[in-house]
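Spelled out, the chains give:
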Amino acid sequence: EAGVAQSPRYKIIEKRQSVAFWCNPISGHATLYWYQQILGQGPKLLIQFQNNGVVDDSQLPKDRFSAERLKGVDSTLKIQPAKLEDSAVYLCASSPYRGASGNNEQFFGPGTRLTVL
Amino acid sequence: KQEVTQIPAALSVPEGENLVLNCSFTDSAIYNLQWFRQDPGKGLTSLLLIQSSQREQTSGRLNASLDKSSGRSTLYIAASQPGDSATYLCAVRLAGNMLTFGGGTRLMVKP
Chain A
1 EAGVAQSPRY
11 KIIEKRQSVA
21 FWCNPISGHA
31 TLYWYQQILG
41 QGPKLLIQFQ
51 NNGVVDDSQL
61 PKDRFSAERL
71 KGVDSTLKIQ
81 PAKLEDSAVY
91 LCASSPYRGA
101 SGNNEQFFGP
111 GTRLTVL
Chain B
1001 KQEVTQIPAA
1011 LSVPEGENLV
1021 LNCSFTDSAI
1031 YNLQWFRQDP
1041 GKGLTSLLLI
1051 QSSQREQTSG
1061 RLNASLDKSS
1071 GRSTLYIAAS
1081 QPGDSATYLC
1091 AVRLAGNMLT
1101 FGGGTRLMVK
1111 P
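So the sequence lines, in the order shown, correspond to chains A and B. Residue numbering for the first sequence is 1 to 117, as defined by the numbering used here. Residue numbering for the second sequence is 1001 to 1111, as defined by the numbering used here.
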């Protein structure tokens, strides 16, 4: 079974530029997550999709970050314009959905390391 | 708001030692707790998942325990090896599948 795929693996941009990340979840996984992991910290959830609908985006800085999952499969996360403090690893994860109390274990991709200069 | 804390933040031990990593959380209304391993430049690999009704889980040299009422979990690594060097993260799952992570423990096992 293929895992969660992400691209690119690395990206270096200057502040105020735009950047986009792509994620392909494990086949059949209904739920997709984007996390931001700043160096030395644990991952922080940015947004959670159930199929193509947003479940939770309360920690997404909506003035500059946007995400979509148009057909309920692949997803893109965009930052426009980028700031220095956006330098981090952006992790995508997916999970099956087996109900609110089911085992909805999340599987993580390798991440995209973003450096903003 | 759920907060997850991991102690220590970093740990260096000689090969062969048994060691314990600690995780504490503020809200005991969790569905499960998960321990992950993260190697430099890599994503997260799930090590153990403990459901809220369970007390412990074991996989090879790893044993994780959960005391939900006190808001604590420990990850026990037996007979540590240099290949165990990585960052270990614990995360608790709340309603809606949301995971809240601790800051991690960076482990170095010296040959």
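Derived from the structure by calculation, the hints contain no laboratory data. Since we're looking at a predicted model, the values are computed, not measured. Note that beta-carbon positions come from the ideal geometry of N, C-alpha and C, so glycine has one too. Take these hints with a grain of salt, some might be off.
Claimed, not checked - DSSO-like, lysine-lysine: derived pairs with alpha carbons at most 30 Å apart:
| # | chain 1 | residue 1 | chain 2 | residue 2 |
| --- | --- | --- | --- | --- |
| 1 | B | K1001 | A | K83 |
| 2 | A | K71 | A | K44 |
| 3 | A | K78 | A | K44 |
| 4 | B | K1068 | A | K11 |
| 5 | A | K62 | A | K11 |
| 6 | A | K71 | B | K1068 |
| 7 | A | K78 | B | K1110 |
Unchecked claim - If you only want the chain A side, here are some residues facing chain B, beta carbon under 8 Å, derived:
| # | residue |
| --- | --- |
| 8 | I38 |
| 9 | L46 |
| 10 | N52 |
| 11 | F65 |
| 12 | E85 |
| 13 | S87 |
| 14 | G99 |
| 15 | E105 |
| 16 | Q106 |
| 17 | G109 |
What the hints assert, rightly or not - Beta-carbon label-pair distances, calculated as ranges:
| # | chain 1 | residue 1 | chain 2 | residue 2 | range |
| --- | --- | --- | --- | --- | --- |
| 18 | A | Q80 | B | P1111 | 33 to 39 Å |
| 19 | A | Q80 | B | R1055 | 43 to 49 Å |
| 20 | B | V1013 | A | K15 | 39 to 45 Å |
| 21 | A | K78 | B | K1042 | 32 to 38 Å |
| 22 | B | S1053 | A | A30 | 23 to 29 Å |
Results of checking the hints against the structure:
Restraint check: the Cα-Cα separation between B:K1001 and A:K83 comes to about 27 Å, which is no more than 30 Å; the hinted pair holds. Our distance criterion of 30 Å between C-alpha atoms is met by A:K71 and A:K44, whose separation comes to about 25 Å. Only pairs whose Cα atoms come within 30 Å are accepted, and A:K78 paired with A:K44 is accepted, the gap being roughly 16 Å. Proposed proximity of B:K1068 and A:K11 is contradicted: the alpha carbons are some 40 Å apart, above 30 Å.
With a C-alpha separation of about 21 Å, the suggested pair A:K62 and A:K11 falls inside the 30 Å cut-off, and the hint holds. A hinted pair counts as satisfied when its Cα atoms are at most 30 Å apart, and A:K71 with B:K1068 does not qualify at roughly 39 Å. Pair hint A:K78 plus B:K1110 does not hold up; C-alpha atoms about 41 Å apart against a cutoff of 30 Å. Violation of the interface hint for A:I38 is found here, the shortest Cβ-Cβ separation to chain B being roughly 10 Å, above the 8 Å cut-off.
Checking A:L46 against chain B by beta carbon gives a least distance of about 11 Å; that is not within 8 Å, so the hint is violated. The interface hint given for A:N52 is violated, since its Cβ lies 16 Å from the closest Cβ of chain B, which is over the 8 Å cut-off. Here the hint on A:F65 is broken, as its CB sits about 17 Å from the closest CB of chain B, past 8 Å. Residue-level restraint check for A:E85 is violated (minimum Cβ-Cβ distance to chain B is 17 Å; threshold 8 Å).
Taking 8 Å as the C-beta cut-off, the interface hint given for A:S87 is violated, the closest approach to chain B being about 15 Å. Checking A:G99 against chain B by beta carbon gives a least distance of about 10 Å; that is not within 8 Å, so the hint is violated. Taking 8 Å as the C-beta cut-off, the interface hint given for A:E105 holds, the closest approach to chain B being about 6 Å. The criterion of a C-beta within 8 Å of any C-beta in chain B is met by A:Q106, whose closest approach is roughly 6 Å, and the hint holds.
Given hint, A:G109 at the interface with chain B, holds; its Cβ is 5 Å from that chain's nearest Cβ, closer than 8 Å. Range check, A:Q80 to B:P1111: Cβ separation about 47 Å, and the 33 to 39 Å hint is violated. Range check, A:Q80 to B:R1055: Cβ separation about 47 Å, and the 43 to 49 Å hint holds. At roughly 41 Å, the beta-carbon separation of B:V1013 and A:K15 lies within the given 39 to 45 Å, and the hint holds.
Between A:K78 and B:K1042, the C-beta spacing of about 24 Å breaks the proposed range 32 to 38 Å. The supplied range of 23 to 29 Å is met by B:S1053 and A:A30, whose beta-carbon atoms lie about 24 Å from each other.
Violation of the numbered hints given earlier is confined to hints 4, 6, 7, 8, 9, 10, 11, 12, 13, 14, 18, 21; the remaining hints are satisfied by the structure.
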